[in-house]
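There are 2 protein chains.
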Amino acid sequence: MTNSSRFLEYQNRINEALDCAIPETDVLYSKIFTAMRYSLNAGGKRIRPVLVLEFSRIFGVDESVAMPFAVALEMIHTYSLIHDDLPCMDDDDLRRGRPTNHKMFGEATAVLAGDALLNRAFEHVLSNSNSISADVTLRAMKCLAKASGADGMIGGQMIDMQSENRELSLSETELLQSLKTGAIIEAAAIMGCILGNADEEKSAASLEYAKKVGLAFQIKDDILNVEGDSKLLGKDVGNDEESGKSTFVKLLGLDGCKERLEQLTEEAVVAAKKLPESEFLVWLAYELLSRKN
Amino acid sequence: MTNSSRFLEYQNRINEALDCAIPETDVLYSKIFTAMRYSLNAGGKRIRPVLVLEFSRIFGVDESVAMPFAVALEMIHTYSLIHDDLPCMDDDDLRRGRPTNHKMFGEATAVLAGDALLNRAFEHVLSNSNSISADVTLRAMKCLAKASGADGMIGGQMIDMQSENRELSLSETELLQSLKTGAIIEAAAIMGCILGNADEEKSAASLEYAKKVGLAFQIKDDILNVEGDSKLLGKDVGNDEESGKSTFVKLLGLDGCKERLEQLTEEAVVAAKKLPESEFLVWLAYELLSRKN
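So the sequences go chain by chain: L and W.
For reference, each letter of the first sequence is one residue, going 35 to 327 in the numbering used here.
For reference, each letter of the second sequence is one residue, going 35 to 327 in the numbering used here.
It is possible that part of the hints are untrue.
Just so you know, same-sequence chains aren't split out, so a pair can sit in one copy or run between any two.
[As the list claims (entries may be wrong)] Each computed SDA-like pair below joins lysine to any residue, with the alpha-carbon atoms no more than 25 Å apart: (1) Lys279 / Ser203; (2) Lys245 / Ser64; (3) Lys279 / Glu293; (4) Lys137 / Arg200; (5) Lys245 / Asn37; (6) Lys65 / Gly278; (7) Lys284 / Leu266.
No lab work stands behind these hints, which were simulated from the structure alone.
Input sequences plus hints: build the corresponding full structure.
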């Protein structure tokens with residue numbers, strides 16, 4: 035199987051699992067599920083859950099065991115997008131080529147749909163982890179909760195909001211990124227290690243790969259916000275500049291960004307090669323480097 | 035020890051545990067912790083965590099084991115208040131006698147502080163449950179997550195938001211309440227039962243008590259919104275009427291509400307008396323009946 039068809043198959047199985055995770059219902063409050071499903075099933079690259087499944091596979095974990103954690107991670111990623119798009123945050127109208135959640139369902143519902151997706155992430159793991167030991171489930175969940183919390187993704191978003199009022203230094207921008215985007219990507223790798231009981235050395239290499247790929251991912255995002263095609267991206271471009279936010283492009287310049295991006299990708303590849311069956315991870319690092327959306 | 039001094043001691047220990055659960059820090063994103071602490075340490079009756087501790091005590095669970103779950107429940111309750119107060123929801127300026135979170139820190143921070151408190155609730159349990167079996171922790175967390183999710187508290191808030199546009203029937207209002215307020219109060223009792231490995235009969239009596247007290251609590255809230263003293267309540271009164279929301283007062287009338295409230299309190303007392311050492315639960319039911327805030 036080629037790497038790109040493996041990627042596609044991962045994405046398909048993840049989309050299917052996400053679709054099943056929140057069924058349509060006809061309860062009085064069914065609008066909340068419609069709003070949750072709208073954003074969760076909007077597509078996207080599914081990088082984070084793909085990494086959970088791939089690291090799990092590398093360490094010999096059955097996909098059925100890893101999937102609930104992959105689903106939970108994507109739910110958390112999705113809720114963060116819904117809340118980040120709110121008028122009081124980035125005030126975005128378009129996400130993945132469609133109206134943002136609050137444009138579609140109203141602000142109150144969008145806040146609640148985000149809340150419910152975060153909550154559901156934990157609920158989903160708690161309801162679907164019967165086949166592994168409770169202890170391993172708890173450790174993987176702890177990793178997930180730390181990554182998505184105030185000392186992870188939410189802390190990063192907090193810095194991001196504050197940065198609209200003052201320029202950040204490079205190290206502050208790197209901290210922002212490592213929290214806002216990095217923490218969740220790292221959690222994908224670490225959860226795979228926990229589920230597969232990886233040894234210290236392989237866990238370190240996994241984390242290293244995730245750190246490099248995570249930072250590369252954000253730098254690429256900043257580049258695409260300047261050079262990208264809004265049709266391919268499914269969202270507005272150029273709004274980083276408008277919002278006055280600190281970005282890697284402003285700090286390093288476009289050329290500096292591209293150089294750093296290539297360097298990080300090579301470092302990710304070096305880390306990946308310390309792991310067994312790393313072909314897909316290597317391919318994915320290059321794929322993310324050259325992506326158009 | 036009198037029941038009221040037991041209540042006070044519970045509240046003090048809960049406040050102390052909440053204060054320790056989120057320390058002050060000097061990280062770049064410290065504003066998120068300041069905002070979380072602002073609402074979490076704003077006082078309040080702490081009914082939900084008190085119920086966790088009391089049901090745990092009744093079933094022989096050490097308070098140190100029950101406290102992380104009590105703290106988590108109060109974090110979830112607090113986050114829901116922050117989000118419910120947002121301009122796009124109830125648009126409240128005052129909560130517990132102080133400016134609401136978004137009035138104090140801005141809307142973006144209030145959304146994130148709420149998110150972070152929900153996330154922290156799970157993180158807190160995951161980091162502080164080493165002294166009990168992983169399996170029991172998972173079962174108690176599952177109960178918590180279900181109660182706070184889309185089929186619990188959030189679903190209730192969804193109905194509440196929708197009810198601003200159309201009048202609800204009595205049974206719809208009861209569903210709203212059982213989800214929005216009831217689910218979390220029931221979870222307090224059930225978590226105590228899970229932690230203490232209570233038998234089926236005692237678990238059923240515990241749930242029955244929580245159901246009756248939970249509904250009584252909401253009816254009392256609706257009565258206080260009409261007859262209460264905004265100074266004692268620390269929030270505006272009369273706004274239920276203005277917002278066009280369905281309340282028990284509109285559906286049953288003030289006298290009907292008071293009658294129903296007394297009846298529910300008596301039923302709660304009957305349920306409590308099926309449990310060992312139920313004096314405090316009985317006292318609490320009457321206390322909630324006569325409360326002024």
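Outcome of the hint check:
In this assembly of identical chains, Lys279 and Ser203 lie within 25 Å of each other by CA distance solely inside one copy; the values are 11 Å within and 48 Å between copies. Within a single copy, Lys245 and Ser64 get their C-alpha atoms only as close as 39 Å, which misses the 25 Å cut-off; across copies the closest is 23 Å, which meets it. In this assembly of identical chains, Lys279 and Glu293 lie within 25 Å of each other by CA distance solely inside one copy; the values are 22 Å within and 58 Å between copies. Taking the shortest Cα distances, Lys137 and Arg200 sit within 25 Å of each other only across copies (22 Å), while inside one copy they are farther apart (29 Å).
In this homomeric assembly, Lys245 and Asn37 come within 25 Å of each other (Cα to Cα) only inside a single copy, at 21 Å, whereas the closest approach across copies is 54 Å. In this homomeric assembly, Lys65 and Gly278 come within 25 Å of each other (Cα to Cα) only across copies, at 20 Å, whereas the closest approach inside a single copy is 35 Å. For the homomeric pair Lys284 and Leu266, the shortest alpha-carbon distance inside one copy (23 Å) is at most 25 Å, but the shortest distance between copies (53 Å) is not.
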